[in-house]
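2 protein chains.
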Amino acid sequence: MNPNKRSLGAKTLLYPLPALLVGSYDDQGRPNLMLAAWGGICNSEPPCLSVSIRPGRHTHAAIMARQAFTVGIPSRKIIAEADYTGIASGKKNDKFKVTGLTPVRAEKVEAPYAAECPVVAECRLHRTLELGSHTLIVGEILDVKADEDILAPGGNYPDLAKFEPVGFDAGSRAYYLIGPQAGLAFKDGRKFL
Amino acid sequence: MNPNKRSLGAKTLLYPLPALLVGSYDDQGRPNLMLAAWGGICNSEPPCLSVSIRPGRHTHAAIMARQAFTVGIPSRKIIAEADYTGIASGKKNDKFKVTGLTPVRAEKVEAPYAAECPVVAECRLHRTLELGSHTLIVGEILDVKADEDILAPGGNYPDLAKFEPVGFDAGSRAYYLIGPQAGLAFKDGRKFL
Chain A
67 MNPNKRSLGA KTLLYPLPAL LVGSYDDQGR PNLMLAAWGG ICNSEPPCLS VSIRPGRHTH
127 AAIMARQAFT VGIPSRKIIA EADYTGIASG KKNDKFKVTG LTPVRAEKVE APYAAECPVV
187 AECRLHRTLE LGSHTLIVGE ILDVKADEDI LAPGGNYPDL AKFEPVGFDA GSRAYYLIGP
247 QAGLAFKDGR KFL
Chain B
67 MNPNKRSLGA KTLLYPLPAL LVGSYDDQGR PNLMLAAWGG ICNSEPPCLS VSIRPGRHTH
127 AAIMARQAFT VGIPSRKIIA EADYTGIASG KKNDKFKVTG LTPVRAEKVE APYAAECPVV
187 AECRLHRTLE LGSHTLIVGE ILDVKADEDI LAPGGNYPDL AKFEPVGFDA GSRAYYLIGP
247 QAGLAFKDGR KFL
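Protein chains in written order, with our numbering: chain A, 67 to 259; chain B, 67 to 259.
In short, the hints are calculated from the structure, not lab data. Treat the hints with care, as some may be off.
The list makes no distinction among identical chains, and a pair is therefore deemed to hold if it is satisfied within one copy or across any two copies.
[As the list claims (entries may be wrong)] Below, simulated DSSO-like cross-link-like pairs (lysine-lysine); rule was C-alpha separation at most 27 Å, straight line: (1) 77 with 158; (2) 163 with 174; (3) 257 with 174; (4) 157 with 257.
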């Protein structure tokens, strides 16, 4: 064991973590949003992402019923709105109305997203896995949509500097921005080949 | 549909994505490292994380054999080393020797990590889920260890500014740093309550 490392215990610390705005329609057709930090990409072919959600959450029942959800990535402009969706429940609150976020029906699946999220993934429910406190929900990504004005020049992907996506720090319980580029993947390591 | 959003197709884009250094011992007991961007926290009780790995990878067989792995978070200081571990295979290369990274045996599980990663999670294999190209591998986090000198003052968690963890951008295929704090979780949204 490295003598310089301190044991912090069995904790949900990992870096970076996302702040995912999960969109769904409930059984009455009301659009809902819920912030989730437990999630990420989990498969390449077919492209899939996962979000883990407690079974008691309103969003959990909604995803199971419609077999669909969206995942929006908030920018710094809507941090307070996104944070609220993780605190309040869609059972009692119309989170779109309260925050002023604009519900848009996804194109490929029966789920809404917030127009104010610069990037959104439209997902069809693919698999679930019960893990204890949370259900790991795997969605097949049928489409990713992004605002025109945040795309990289000539690129088919977002420019992080224009996008300003937000991440979550489980340690300090804070949101943070993505910083400057620090290296090139599949390239910087080639010096060791 | 929002007229300002452009469809980018069915892609593995999500923000932020991590750059996870997965550590394992192979069947000959050789320590190995592999960079993985498909992963995240996936359960709270018990604390679990997931990494998705292609079945053909050397790390995949090693994790299945020992039922254990570590996940180290690289800092900006070892970006090239981390990148190399995602390019080369442990079948033919001793990645610790090639990069100069220092293998340390985990305390709780039979798996190694790189001492140079400021934060490391020690995981016992918990569940697997075949998703197509990748196996989603869920590990129960038995301990998180961190370098003393990156901990928050008086805190039991890392200070991001001292830690300087690296993330991955699947769009530009680049690594980036974590930027400044931009908001407080479970607090900024309370103005809507």
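These are the hints, each one checked on the structure:
Neither within a single protomer nor between protomers do residue 77 and residue 158 lie at most 27 Å apart by alpha-carbon distance, with minima of 31 Å and 34 Å respectively. Proximity of residue 163 and residue 174 under a CA criterion of 27 Å is satisfied intra-copy only: 24 Å inside one chain copy versus 48 Å between copies. Proximity of residue 257 to residue 174 under the C-alpha cut-off of 27 Å is found in neither arrangement, the shortest distances being 43 Å within a copy and 34 Å between copies. Taking identical chains as interchangeable, the C-alpha atoms of residue 157 and residue 257 lie at most 27 Å apart only when they sit on different chains, with a minimum of 19 Å there against 54 Å within one chain.
Checked against the numbered hints given earlier, the structure breaks hints 1, 3 and satisfies all the rest.
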